[in-house]
Amino acid sequence: MILCYKCGRQLPDGTKFCKFCGTPLTQQPPVQNVNMPVREFPQQMPMKPAEPQKKKPTKKIIIAIIAVILVIAIVVGGIFFFRWKKKEAEIKESSEHLEQILEESTTKPIVELVCEDYDSDGTYEAYAIVGETDEKEEEHSEFYEADIYFVNDKKVQKIKENVSGKTNGLIKLDKIKYISIEVYEDGTDEGKSFIYTAKGEDSVEADASGKYSYVHQEGNKIVGTDENGKEVEVVINGLLNESKTEVYVISKIEVTVDESSDSLSYELIYSYDDNGLCTEEKFGDETGYIVSQYEYDGNYNMITNNVFDTIDGEESFWTKEVYTYDANGNAIKSTSYDENDEVSAWTISEFNSDNNITKETRYRDDGSIRYIILYEYDSNKNLIREEKTSYDYEDSGETSITTRVKTYEYDSRNLLIKECDLDDNDYETYSYDENGNLTKHCIYYSGELSTEYGYEHENNLLIYYYRYSYSEDEKSEYTYTYDDSGKVISRTCLTEENKMLTVEYEKVYVPNDALDIVEEKQDEIFRTNFY
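Letter by letter, the sequence shown follows residues 1 to 531 of the working numbering.
Any given hint could turn out to be false.
Under the rule of at most 20 Å between Cα atoms (straight-line distance), these lysine to aspartate or glutamate pairs were calculated in the EDC-like manner [unchecked claim]: (1) K172 x D117; (2) K252 x D484; (3) K177 x E201; (4) K406 x E419; (5) K155 x D189; (6) K160 x E519; (7) K160 x E504; (8) K499 x E472; (9) K388 x E339; (10) K108 x E142; (11) K155 x E88.
Label-pair distances were calculated between CB atoms; the ranges are [as the list claims (entries may be wrong)]: (12) K158 x R467: 29 to 37 Å; (13) Y144 x E96: 23 to 31 Å; (14) E103 x N301: 30 to 38 Å.
Keep in mind the hints are simulated off the structure, nothing from the lab.
We put the CB at the ideal spot given by N, CA and C, even for glycine.
Let the sequences and hints guide you as you build the complete structure.
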């Protein structure tokens with residue numbers, strides 16, 4: 001047997017051609033390593049030689065890829081740059097607009113105004129510091145004798161007044177932005193960080209507000225200093241006093257009166273709920289008080305008024321009033337109860353489309369009418385006429401009817417200048433300065449001047465007041481003292497020694513939709529006790 005040197009198949013001796021591959025066996029085989037093992041292959045078709053591989057242009061492909069990436073980067077970068085420039089322009093335009101609105105509400109210079117879309121609702125708001133500073137070139141200047149305002153297209157709202165401090169900067173959490181403002185304690189350069197954002201048209205205070213010092217953002221963290229001077233991470237995970245405004249309300253008034261060298265003192269104490277609504281008034285001294293207690297519904301309407309006294313340590317019932325309201329918040333019914341909680345009288349009130357009362361009817365417990373009052377208004381919604389008709393029922397069955405009419409006059413500023421009782425020729429006149437401050441109030445009985453009150457103002461503050469009684473030929477003069485924020489803290493009688501009135505305040509957070517109610521109550525307290 002011989003081997004074909006070409007295909008390696010075994011063939012009979014003497015074979016001249018390989019029957020498998022056709023190779024002539026008379027030719028000398030190529031030199032092989034005799035030690036290499038012989039490998040047999042299965043019968044197969046001759047394989048087509050592989051085509052040589054073409055070398056790919058690697059460098060050109062890489063350059064093309066880089067070029068595409070650069071084009072994409074330029075396009076994306078251009079889009080972000082365009083958006084950034086657009087937002088920057090919007091903030092600048094909104095900032096200038098809100099600054100103009102603010103300047104119409106204050107005469108103090110603007111130290112800093114930070115305009116942002118705080119609640120990411122597509123509208124811009126601003127927190128502004130107006131007051132004094134010695135660092136006009138600084139990004140966040142220290143300020144003093146300053147007020148903090150919240151400003152948007154709808155309103156300018158004073159958040160704090162007459163404070164010193166420094167802005168700590170913006171805090172960005174998800175879609176909500178906050179501003180941290182450091183408010184120093186009196187006479188120091190240390191205080192607490194008050195943190196604000198916005199929700200719709202309202203200012204909102206964060207839950208961590210007023211608890212830490214120097215609250216600011218570092219990367220993704222918010223840090224501040226606790227009461228022990230240790231730097232801690234501050235978590236802002238909720239809102240405190242949402243849609244509320246910080247208001248200082250009168251909590252106590254003490255009055256000292258000198259009568260024949262015997263000092264007679266009394267006090268008025270006011271208590272408030274979490275919404276800043278007055279829940280209790282106490283008038284008296286250590287011997288006892290006359291107490292009025294108030295309750296409110298969810299719309300801040302007073303629904304009950306309980307009055308009693310604690311003279312000589314025993315509680316004595318006076319009256320109880322319960323109020324019913326319509327959908328517009330108008331008190332359409334008032335019901336009086338006696339000490340046995342039985343109805344003693346009630347009043348039905350009617351209102352016009354402007355929510356001004358037009359008719360008031362008072363009933364006795366038996367359903368008979370005690371009186372009817374009709375009200376008329378001018379085109380400016382000012383009350384101009386009040387007609388009261390009273391009904392007295394005789395035992396004989398006859399009814400005595402009396403009618404009294406009061407009229408009211410106003411100046412071009414809609415300020416009341418005269419109210420007149422037409423039946424007795426009793427009337428009162430009022431005068432004002434150019435700022436609308438009351439300067440004189442005169443009372444006439446039967447056409448004769450009885451009492452005259454005079455008032456002087458400075459920078460819209462009441463600084464001097466006198467009362468002259470013509471029947472007693474007596475004149476009392478008073479002057480006022482204010483704290484740094486403009487709140488009255490005392491009234492001193494200049495003509496009578498030891499006749500002094502002092503005032504204490506407390507801070508409350510008032511819902512913005514209840515602000516008018518709270519301010520109206522404070523105005524009532526002020527006018528009752530200070531004028």
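Pair hint outcome, K160 versus E519 [Cα-Cα no greater than 20 Å]:
This hinted pair holds, its Cα atoms lying about 16 Å apart.
Against the range 30 to 38 Å, how does the distance between the Cβ atoms of E103 and N301 compare: consistent or not?
holds, 37 Å
Just to be careful, I want the Cα atoms of K155 and D189 compared with a cutoff of 20 Å; is the pair within it?
Measuring from Cα to Cα gives roughly 31 Å; hence the hint is violated.
20 Å Cα cutoff - pair K252, D484:
Satisfied, since the Cα-Cα distance of roughly 19 Å is no more than 20 Å.
Is K172 close enough to D117, meaning Cα to Cα at most 20 Å?
holds, 11 Å
Honestly, do Y144 and E96 meet the 23 to 31 Å range at C-beta?
The hinted range 23 to 31 Å holds for Y144 and E96, with Cβ atoms some 26 Å apart.
Pairwise hint evaluation, E201 against K177, where the allowed Cα distance is 20 Å at most
holds, 15 Å
Keeping to a limit of 20 Å between CA atoms, is the pair of K388 and E339 held or broken?
Violated. K388 to E339 sits at ~29 Å, over the 20 Å cutoff.
Beta-carbon spacing of K158 to R467 - inside the hinted bounds 29 to 37 Å or not:
Given a distance of about 33 Å, which is inside 29 to 37 Å, the answer is holds.
Tell me if the straight-line CA distance from K108 to E142 falls inside 20 Å.
holds, 15 Å
Proposed proximity, E504 with K160 (alpha carbon, max 20 Å)
OK: K160 and E504 at ~18 Å, within 20 Å.
Between the alpha carbons of K406 and E419, is the straight-line distance 20 Å or under?
holds, 7 Å
In this structure, the hints that do not hold are numbers 5, 9 and 11, in rising order.
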